[in-house]
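Enquirer: One-letter residues, chain by chain:
Protein chains: 4
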Amino acid sequence: MVVVMKSEATAAEIAAVINKAEAVGVSTHPIYGKEHTVVALIGDLTKIERSVFNAMAGVQKTVRIQEPYKLAAHDTHPGDTTINVGGVVFGGPDVVVMAGPCSVESREQILETAWAVKEAGATVLRGGAFKPRTSPYSFQGMGEKGLKLLAEAREQTGLPVITEVMTVETVPLICEYADILQIGARNMQNYGLLQAVGKVQKPVMLKRGISGEIKELLMCAEYILSNGNMQVMLCERGIRTYETATRNTFDLNAVPVLQHMSHLPIVADPSHGTGAWELVGPMARAAVAAGADALIIEVHPNPDNALSDGAQSLKPERFAALMGQLRLIANAVGRSIATCPHAAAQNGRVREALLA
Amino acid sequence: MVVVMKSEATAAEIAAVINKAEAVGVSTHPIYGKEHTVVALIGDLTKIERSVFNAMAGVQKTVRIQEPYKLAAHDTHPGDTTINVGGVVFGGPDVVVMAGPCSVESREQILETAWAVKEAGATVLRGGAFKPRTSPYSFQGMGEKGLKLLAEAREQTGLPVITEVMTVETVPLICEYADILQIGARNMQNYGLLQAVGKVQKPVMLKRGISGEIKELLMCAEYILSNGNMQVMLCERGIRTYETATRNTFDLNAVPVLQHMSHLPIVADPSHGTGAWELVGPMARAAVAAGADALIIEVHPNPDNALSDGAQSLKPERFAALMGQLRLIANAVGRSIATCPHAAAQNGRVREALLA
Amino acid sequence: MVVVMKSEATAAEIAAVINKAEAVGVSTHPIYGKEHTVVALIGDLTKIERSVFNAMAGVQKTVRIQEPYKLAAHDTHPGDTTINVGGVVFGGPDVVVMAGPCSVESREQILETAWAVKEAGATVLRGGAFKPRTSPYSFQGMGEKGLKLLAEAREQTGLPVITEVMTVETVPLICEYADILQIGARNMQNYGLLQAVGKVQKPVMLKRGISGEIKELLMCAEYILSNGNMQVMLCERGIRTYETATRNTFDLNAVPVLQHMSHLPIVADPSHGTGAWELVGPMARAAVAAGADALIIEVHPNPDNALSDGAQSLKPERFAALMGQLRLIANAVGRSIATCPHAAAQNGRVREALLA
Amino acid sequence: MVVVMKSEATAAEIAAVINKAEAVGVSTHPIYGKEHTVVALIGDLTKIERSVFNAMAGVQKTVRIQEPYKLAAHDTHPGDTTINVGGVVFGGPDVVVMAGPCSVESREQILETAWAVKEAGATVLRGGAFKPRTSPYSFQGMGEKGLKLLAEAREQTGLPVITEVMTVETVPLICEYADILQIGARNMQNYGLLQAVGKVQKPVMLKRGISGEIKELLMCAEYILSNGNMQVMLCERGIRTYETATRNTFDLNAVPVLQHMSHLPIVADPSHGTGAWELVGPMARAAVAAGADALIIEVHPNPDNALSDGAQSLKPERFAALMGQLRLIANAVGRSIATCPHAAAQNGRVREALLA
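Chains as they are written, first to last, in the numbering used here: chain A, 288 to 643; chain B, 288 to 643; chain C, 288 to 643; chain D, 288 to 643.
Hint data in this document are derived by calculation from the structure and do not stem from the laboratory.
Any given hint might turn out to be false.
Stated by the list, open to error - The calculated lysine-lysine pairs, modelled on DSS-like cross-linking and capped at a C-alpha distance of 27 Å, are: (1) B:321 / D:602; (2) D:486 / B:502; (3) A:307 / C:321; (4) C:307 / D:602; (5) D:486 / C:432; (6) A:435 / A:502.
When you get a sec, could you build the whole thing from the sequences and use the hints?
Expert: Right, dumping it as structure tokens:
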């Protein structure tokens with residue numbers, strides 16, 4: 288950290304800064320410039336509050352040299368983290384595609400969608416049972432009944448399941464059913480929830496908040512990692528800017544930036560990122576070209592009647608066509624789209640019978 | 288709601304929109320323009336998902352005419368809501384000033400600050416016992432011990448206490464000690480928490496999220512109100528923009544905008560809003576001039592050693608000087624600064640003795 | 288400036304940074320930390336491009352310690368700048384109020400408005416003759432004819448005139464008629480125009496761009512100042528954020544921030560800042576409470592028929608009422624609203640006759 | 288347009304809105320809802336100012352149904368516009384790559400770069416001779432001397448040249464030398480300049496302003512188109528958001544969004560978009576995958592010594608490697624990278640001799 292003193296700072300004020308730092312075992316290095324004095328602090332700064340120095344007399348500002356996250360940072364971790372979910376590997380050479388409806392709405396809807404996305408080549412099934420909704424008067428999800436339907440879809444298709452967890456109290460329940468826990472954008476900084484999922488041994492996909500800075504996302508991952516759960520993946524899903532032509536501004540730059548900064552697998556969510564199904568195809572292709580390790584895409588058999596997020600959901604046939612394009616893009620960047628490790632799961636089953 | 292069809296929409300697509308609306312008892316009013324057809328929907332739309340229409344074939348966009356919050360809206364509520372906290376009235380003619388440290392750090396610190404802000408004229412004591420911190424390695428608050436110290440400060444000074452509640456599990460605990468529950472900016476859309484505080488009968492101060500739209504803030508208030516707790520006040524505390532000269536962009540416009548839209552009392556937090564103590568004075572004065580019903584201001588006896596938010600805390604003597612200025616501004620807009628209803632609370636006590 | 292090296296930077300890369308800085312006469316001060324080396328640069332850095340260092344091998348980032356504007360900065364200028372426009376003083380103890388229509392639309396409209404704002408207590412007349420409009424199909428202003436009408440209004444009322452200059456070619460023309468040149472938000476970084484108004488000796492009011500950072504605004508002022516024109520005032524007029532409840536987010540924080548950073552007078556424009564006449568009153572009062580040196584407010588005798596910006600214009604009677612409130616707020620912060628230095632200008636004239 | 292009345296609007300206020308619209312030949316369609324009345328306006332609205340209606344008594348807001356640009360819109364133009372620059376076609380099946388240094392710095396630099404980018408496969412040369420710089424103390428470009436060097440590079444390599452025009456006065460000069468005129472982000476809304484380039488018959492590349500909305504970009508294109516110049520291409524180059532991990536937020540979503548809205552060719556500038564050379568490769572690949580018609584990329588033989596934008600410039604060898612990747616991505620989306628139509632230009636020349 289560098290403490291920049293005001294041009295009118297007194298020798299006593301400079302000395303106070305030096306003393307405060309050295310009192311906690313940090314060594315200091317004052318540099319007397321023509322107009323400003325700056326004091327560089329060297330040593331273990333994790334216990335130092337920057338705001339303490341900002342509040343001191345004569346201080347103009349402080350500048351962070353090193354970010355305070357450790358476990359999420361690339362430097363301190365040799366190589367990239369891979370996360371294996373029932374044979375599907377995130378963060379390895381293959382690009383994983385997760386797909387499914389925004390919300391579980393009925394047995395028929397989730398089973399039909401699960402089979403459709405599996406046939407198109409997805410290897411993880413997404414679906415919400417507990418839904419955070421802007422209005423208290425909107426559909427709030429099917430709850431545990433939705434979880435049971437997801438489990439049934441997994442049993443039939445062999446696809447592992449990712450679903451959102453919204454509250455500390457429901458972590459154990461969700462863990463019974465889900466293969467990957469999703470922390471939604473609104474809860475990126477719900478620290479109680481982050482600590483709770485940090486204490487279970489399930490992979491977690493942490494979504495960037497709608498106004499989350501990239502370094503804040505890493506600090507939130509740090510909350511999970513520092514509680515002992517090392518299976519964290521990060522998801523870009525669109526940020527809030529002044530532009531209203533898209534529902535959010537899908538910040539694809541986050542993909543290569545996060546890969547420079549962290550060893551954790553990076554997921555892109557072009558459905559929430561853009562909010563419009565016409566944009567999902569181009570931005571999904573772009574995400575693979577930019578290096579994303581996984582995609583999560585909303586698919587609904589009948590978007591016109593979806594209880595949530597219909598406008599950004601692909602129909603199964605459009606999703607299948609997109610998968611073909613994604614394979615070509617993945618090849619162009621030297622990767623493949625991950626394929627299903629449990630081919631057996633679908634053999635010997637008659638899909639139509641199961642849907643009956 | 289108005290559904291705008293694409294210029295190339297077919298008669299069948301227009302009919303589908305009409306049918307879907309009428310199927311849920313909403314009457315429709317199609318208007319055939321030169322280049323676009325629009326369909327106006329009239330009736331009770333609270334159950335309608337806009338996204339359903341956005342997802343339909345031939346639809347270009349939907350436009351909301353009426354906002355979906357009801358209980359928070361001005362139209363449906365005659366006059367303004369006032370909230371009485373032990374004789375201190377929010378939303379009435381007087382402007383309430385709440386003050387105190389960011390975090391409770393020690394018995395001496397909170398008692399000294401409580402007496403200092405009371406003597407300067409504040410009528411509510413603020414102080415955090417459970418702290419949401421960006422880094423898992425930072426000071427996380429004193430917890431229940433901090434709550435007990437706040438209660439002791441209240442007993443001594445007679446000042447009601449406002450403190451933050453972060454998790455559903457701690458709502459009952461905080462309710463034992465606090466007079467006003469604070470929902471922090473990071474939790475504005477933590478719907479489980481909003482529902483929980485909606486079920487208790489304590490006043491709640493709901494802070495706008497760092498990227499919360501004003502209408503989202505009202506929707507979040509609706510979550511509390513619709514659960515039965517009608518004592519909600521709204522707090523502007525700075526939003527995230529591209530500007531970095533201030534820690535946040537304190538959006539004072541929200542004060543008159545919210546007063547047009549809602550009957551709930553409006554609080555301004557210039558300390559978090561700006562993040563720098565030099566700006567707290569000008570922006571506190573501005574907030575009263577703009578019509579805020581209450582202010583919440585961070586005061587610390589020794590900001591250089593504060594465990595959090597030192598840079599934005601006022602020293603007690605600066606706070607006292609500011610209170611004098613605020614009285615003049617309040618008078619200039621035809622109001623007064625609220626005074627302490629429990630003068631007795633301090634009579635017959637020797638402050639020095641109590642601090643011993 | 289501080290150059291932060293990557294943790295894996297080699298000794299040769301560090302030496303290259305040092306050599307490059309010393310080659311242009313800047314002395315260097317390397318500090319070898321546990322994980323990072325940083326190199327502090329001391330001396331005259333105005334000729335150094337930060338991006339040169341950012342581009343060097345082994346460099347992680349550079350951090351600016353001192354801002355590159357000099358003439359606009361408070362440090363290098365003893366006391367505050369005052370600008371005297373025909374006896375009306377900006378930046379002194381009194382708060383100047385400028386008012387008038389968005390656009391000059393007709394002789395009757397501008398004369399009626401000029402007299403109305405003068406009678407209410409404004410001391411400068413605003414009015415646009417050349418208008419930057421988002422659509423090429425919108426009214427683009429009356430041009431030179433509008434300037435002549437402004438001059439006639441000045442002659443009648445004695446009020447100095449502020450009007451916008453949009454292009455280099457029209458600077459001489461505008462200078463013939465205007466007392467203060469306005470650079471609009473869209474042209475904040477039109478460097479050719481800034482240089483052109485820097486070469487004339489007329490006061491300039493420079494508006495912050497809709498996404499202008501405060502330090503960029505000061506750099507743009509520097510373009511004018513460094514060309515020789517020292518009579519520059521800075522105007523906050525709302526920035527673009529994600530919030531759509533107001534047309535722009537009027538960033539009142541800029542007023543005290545700019546007063547800390549610069550000696551130039553600060554103007555607040557609550558009309559463009561908020562975009563809604565109902566908000567102009569509260570935010571104008573707030574601006575005076577926050578310390579603005581001047582206000583610029585849109586007034587139109589008949590906003591329903593204004594050719595531009597009707598929605599944010601006050602009717603004359605509302606403006607007059609607001610002036611009364613502003614006097615009270617100004618007194619509450621130890622200032623007054625500036626009064627007309629040319630009382631003679633209106634004596635002996637019969638307003639009705641002139642309007643005939 | 289739809290005019291939404293306040294719930295308390297009177298019959299007279301509703302009638303006034305209807306009368307005002309019908310007075311200019313627009314037909315009206317009032318709809319009396321349970322809580323609000325809305326008035327739909329049908330007909331030619333290009334002459335109507337929305338703000339006039341916003342300003343009327345009883346009006347809550349107005350909602351635009353149709354955007355006010357016509358010439359730039361997809362609806363009114365059959366098929367996509369292609370622009371042919373000396374045989375290089377923008378907006379056709381092939382993806383055009385433009386490359387070169389930020390600024391022309393010397394004869395050697397520009398010739399070396401021109402040959403390098405040509406050999407790697409670029410078909411247009413970029414280079415700035417007049418540079419908009421944030422600081423008045425920074426290098427401002429070589430001016431006409433730079434233009435002559437660009438012309439020499441074109442003569443040698445056969446590559447057409449794109450360069451920025453900053454002021455109305457220099458339009459004729461730039462037209463003498465350039466094949467494509469570039470309007471920079473800071474000048475997106477410099478309407479005088481847009482009109483000036485609208486009156487010449489040279490292709491124009493219009494960059495999105497740093498806070499330009501997509502629909503504003505189209506309105507600015509409309510300024511050029513409506514002056515008679517139909518050869519306009521639109522360039523996404525990063526917008527300003529709260530995120531600081533990248534210099535700007537490269538908004539790749541703009542590519543498919545603009546392709547839905549407009550028939551004009553779309554260019555992506557990942558160099559300015561991200562501000563960091565490490566991100567240029569991933570985001571250039573992503574841009575082609577998302578459907579961009581052209582890329583513009585900064586290449587410098589020695590970024591460490593560039594006079595501007597070194598940090599975001601690729602070295603020639605990195606650029607050559609990227610071109611190989613871009614060919615693969617282009618093929619994956621069914622396109623090719625455009626190749627040089629003037630193969631003859633380089634035949635029979637000895638590059639080394641020319642550089643001597």
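Enquirer: Regarding the pair residue 435 of chain A and residue 502 of chain A, is the alpha-carbon distance no greater than 27 Å?
Expert: Violated. Residue 435 of chain A to residue 502 of chain A sits at ~36 Å, over the 27 Å cutoff.
Enquirer: Are the Cα atoms of residue 307 of chain A and residue 321 of chain C separated by 27 Å or less?
Expert: Holds, because 20 Å separates the two Cα atoms, which is no more than 27 Å.
Enquirer: Do the alpha carbons of residue 486 of chain D and residue 502 of chain B lie within 27 Å of each other, as the hint requires?
Expert: violated, 45 Å
Enquirer: Are residue 307 of chain C and residue 602 of chain D close enough, with their CA atoms no more than 27 Å apart?
Expert: holds, 19 Å
Enquirer: For residue 321 of chain B and residue 602 of chain D, compute the direct alpha-carbon distance and say whether it is at most 27 Å.
Expert: Answer violated: residue 321 of chain B to residue 602 of chain D is near 54 Å, above 27 Å.
Enquirer: Compare the distance between the alpha carbons of residue 486 of chain D and residue 432 of chain C with 27 Å, and conclude whether the hinted pair is satisfied.
Expert: holds, 25 Å
In terms of the numbered hints stated before, the structure departs from hints 1, 2 and 6, listed from lowest to highest.
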